[in-house]
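Participant: Model the placement of chains B and C on the given structure of chain A, informed by the hints.
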Amino acid sequence: MSKRLFSLLALLVIASMVLAACQPAATPTPTEEVVPTEEPMETEPPAETEPPAETEPPVSAVPEECQDDPDEKKCAVFAPGDTVKIGFAGPMTGDFSAFGIDISQGGLIAVQDNPDVEGWQIELLIQDTQGSGEGGAAVANLYAANPDVVAISGHTFSGSAAAAIPIYNAARIPMLSASATRADLTQGDQDVFNRIPFTDDIQGTNAAEYLYNVLGVTQLAVMHDGDAYGQGLAEKVAEVFQQLGGTLVSPPVAITAGEADYTGPLNNLAAVAPEAIFYGGYYPEAAVIASQMDVAGLGDAVLFSDDGTFGATFIELAGAAAEGAYATSALPPSSPEKDAFEAKFLEAYGVPAGSQSTFTWHGYDVVAALIHVIRQVAIVGGDGNLYVPREAMVQGVRSLSGFQGLTGDITCNEAGECNTAGPTFFVVQDGQWVEAPGGN
Amino acid sequence: MAEIALTTRRKTRISGFRIVQIIVALLTIAFITWRFVGVLQSGIYGTDTWLRFIISGVIIGGVYSMIAIGYTLVYGILFMINFAHGEVMMLGAFSGYFVLEALRSWIVDPVNEVTFLNAYPIPAILLTFLVGMLTSMIIGVMLERIAYRPLRGAPRLVPLISAIGASIFFQNLAQLLFGPVRRIYANPTILDRANGIRLIVNEKTVVIQYTGIFTVIVSILMLVGLYLLVQRTRLGRAMRAVAQDKPTASLMGIDVDGVISRTFMISGILAGAAGVLWGIHNGIIYHYVGFIPGIKAFTAAVLGGIGNIPGAMLGGYFLGIVENLGPAILGIDFQLKDVIAFSILVLVLIFRPTGILGEVLSEEKV
Amino acid sequence: MGDNIRAGLISGIAFGVIIIITSLIGFFGTVSALLGEFLFDPKTQPAALYSLVLILALLGLWAGIRAAKPVGTDRWSGALVSGAVAGLSTGLFVGIYTLIIGGFNARGLDIRGYLAQMSPDAIRFLLFQLPPATAALSYFLLFTTTGLAGGFLAKTLGRGRLKKANQQLKSKITELWESTSVAVWLSKFPYTQYIVYGAIIILALLLPISLGQYWNFTLGTVGVYVLMGLGINIVVGMAGLLDLGYVAFFAVGAYTVGLLTSPQQLSQFQIDFWPAAFLAIVIAAITGIILGFPVLRLRGDYLAIVTLGFGEIIRILVRSDLLSDFTGGPQGVRQIDGPSLFGISLTNDRAYLYMIILAIMLAIFVTIRFKDSRVGRAWVAMREDETVSQAMGINTYTTKLLAFAVGAAFAGLGGVLFASRNQYIGPEDANLLVSINVLAVVIVGGMGSIPGVFLGAFVLKGLPEIMRQLQDYRILAFGALLVVMMIVRPEGLWPSQRRRLEMHEEELPLEELEETEAIGALEAALEESTK
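First to last, the protein sequences are chains A, B and C.
In terms of my numbering, the numbers along the first sequence are unbroken and rise by one, the last being 588.
In terms of my numbering, the numbers along the second sequence are unbroken and rise by one, the last being 1209.
In terms of my numbering, the numbers along the third sequence are unbroken and rise by one, the last being 547.
The following block holds chain A by itself, in its conformation from the complex (with noise of 0.2 angstroms):
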């Protein structure tokens, strides 16, 4: 027996070593387009290969910042016929998956609209990190440890992304997510995470505001479905709600997601009669609710929702019963950029944009505003190869400014929140979102 445990243990152990004496030539780089031809540029450290940089003073072959680097850890380096690749980090597989898949889909259709950097291929590598803590740190290791990534999308979750930004912060890769919204994200000792949607804080802020003042409710109800991103949200809405001087008429009521009968929890609300209910959390559960308030006996009652619940879907799912429902975006109602990314969107993937997720124009957006900073810092050295500056990434990031997108001006702040316009209201009026009256 144990003589078995001992050989197994030895194998392992070996089996291990092979493959981490196999590591740099095998960096993970799942990539469809790898030229096997190229010699593996980690191999050459730039430095020392180009003899003639000395001999030739005016052009330096490697840019200041970028020498004694051997391992690219200041700067990434391409050697012409290389692609520059920014990873996109979301869930692919499992409950979850339509959120990761739609938002790399957007963030595809960028890099189609946006190929190249001076003359340099951009690729958008996709890594599935399931939606859990634990594969968002696992894929931003794989990431990390390659050294041609040079900028993340995502994590598309919170609490993905918070296991993921110590990692990539010690690797310095600026990271943009175009969906984690949670409000204590960007704080910490690192300058490496922004996002472009505001934060469950200043929606929350927001939508409180907009039901107590322009709405007029004074009775309110909030729901959540259980998950980090709606529980927050449903909180601050509560917290604000009563500051302005609302009342609350029942304490928040939690749902469990992915079912499809909410009429227990309707019900309870109904005994209290509430005037409007804010839901929080994403378009599943809330036309479900939609579709569900009449039958509980709160047809009287307003829906009012987050950024999760806004998108044809919502409307497709519940009907005839989202007339009338409230919800928030960060998408302007329409503009020609924004119309011929859904044509894009639409002819690529067959299905129309937003239909998968919300979050699609921001997928597009944190790509193209990514390959923006990339054109913007990358240094083309005397030796004909690109250098990235990882360090001038990060900080790039961090000062995006003015930077036009789907989803408006991206103009990030020193704590990296890069959506400084606040949100837009959208009701459902016979069968489409318009812009709610009042807003802003």
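Not one of these hints is a red herring.
No more than 20 angstroms apart at the CA atoms, straight line, and that leaves these computed lysine to any residue pairs for SDA-like:
1. Lys387/C - Met377/C
2. Lys492/A - Pro136/C
3. Lys221/A - Arg366/C
4. Lys222/A - Gly228/C
If you're looking for bench data, these hints aren't it; they were derived computationally from the structure.
Facilitator: Chains B and C only, in chain A's frame:
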């Protein structure tokens, strides 16, 4: 045999256990009563609300009971938990969805733009059920052939892991085939989810959806049919014989593999019907839709006494109602309704391990 | 002849359906691209297309072989008819399917609304960039010829000939190994055991230094599962108590250390990592006893269901609003402190891997000591027959509770390392899938066997990471692999001696059976009880 030698020793043990059991039971009952009286006195729920809780409980219970029977049939014969059963239901729901989509886009009256779905709703619904049940049946049988039959005779954990693998496989297959998008069941107008019988109770309207009534009727019809099949037909007799004793049954000339295959067929048919009902009543399906109802229905099957068909039916309705009424009775958050469901499961198993209606299974069987 | 046609039809239809489904999920596209990179020079040739044809041809061959193998390989005509029928029917199926999707595509209909992977590009690729009718015809011809070739191959290889050759090779290798002087010398040398011990420990200690950060992290995750696998190995593998709620103990350990060390306002205390970790393990063990107590009388599947219920109750309570002031609710517990030793912070992945390796060594030591002790033998006896073991004087109640407590302590330790490494623990880390995965670790690895736990953890947590090349298909492939593994090796990858005997009882001579642990354990238990 060994039982006799043990009796004296066991008796003392059990009586100690009994006391603990009784104390726990009394405490539980006292707690429930206390909370319930509190809720009633506070008067936050009127008659109408209680009625609504019961209505939604009965409807969801109907779906649970149909899935639960699939678990119970398979468990009764193979003593294995068919973990992929929820996924069989999900695939049935998807095929029903495709039938409805096809019928919806088939316009029979171009002048008024009447679709086949609305022109002939009854054949349309029948066709949907037929295709859904057929798909689930084929998948159930294939599942047994490929993933379970080679494992006959292996320790009982082995088919369980195989079933878990199949469950993961089907979930991801559905996601890759159909995409991660939530899909909406296109009901004919007579089964519009927003319409129903409106009752005035306590000066408030209580809506009983037509889809809900439909769900309950279909589930009861299928369950009665199944009961007759098992009790009255040759196949049913064979199934019961195989459940009791496989070797003897095969000695009696029963094709054991054939009976097991048919059992999976029947449980697949029920799962397919449950999937279509789920779609018609709840409206939304996607690749993960089978997982949670699957676990709940399994709980229901255990509650009713696993291996027992009327038990599974009763367990399904019981779970549906308790899930909806429980949080209200105890006056706690609806998020905790699954805690109530599982607590009942734990309590039932501790006090009456054979379930509500369970036959007393011999210990070596369990 | 009728049998041959029947076999061909069955195989053909099965392969046709498999090929159609595989193409519908877009798997051929991904695999062809991967293979094309590997086999061909992507610059000069349409590599992916060649690989697609190659894969399809191999599938056709397989269909032919499968059809011809079980029947009539004695006669040429039989084998060829089976292969040809299989090829024809596969070709017909796939050809018609190609015509349909090609037709949709040619008319400009987008079917992605229903079938997500069927983009126009993907369909054109599947049609070999040909018009639908031509493509259907080429599919038909491809499968017919390869099916026929498969039948031919089946005949040439013959029934059982391959198997025999394989067995001969195996026995030769063992002979060779046993005859070499090294093996003989090793088995005679008295200190071999200790040298191997030492070498393994040294190698294990060197391992984290030699690995990159990604593999350090991934192996850390694998290590946590090894730890939990060792724990559930005691509960399920040794004591035979099927536990589907094992994640509860993991969560208790993780949350205890989280709440005690996090600076968040969730608990009043904030203490150092080491005492917190110790407390977490103790509390996890106590939870094991508390949860174990009411279920003492339950056996088999009922025990499994009740523990599943307990696990779910704990998860739902942890994320509920009811306890969110205490547990952080869905937000979880953040900023969990890591360990430090002599003022040096040990919070990088490498240090964690070291700690996990040390924890695993400790766990293995504890497991082996328990196994060889009276308690371990009592567990095995109880697993084999509870009633008889009771008759032998084993107190099954305390024995069961001890198994629960030890198993829970291991899980608690796993939870401690997991939570402090991630600096975060939330309710989503404590879901049912963790219990299932841990159970699968011991079953895939081989119940009751320590090396099996290592292999199982590698397969369950390492393989999905290695399979990242397969992109979205990796979890699908993982599910299929679990099923296949259970069919091919139900006793697990590295089963314990006893287990293997159980599975292949009929293949072994009786005298070997008598040496099995079970009987030894029962005998030992008998001895103990008579004292």
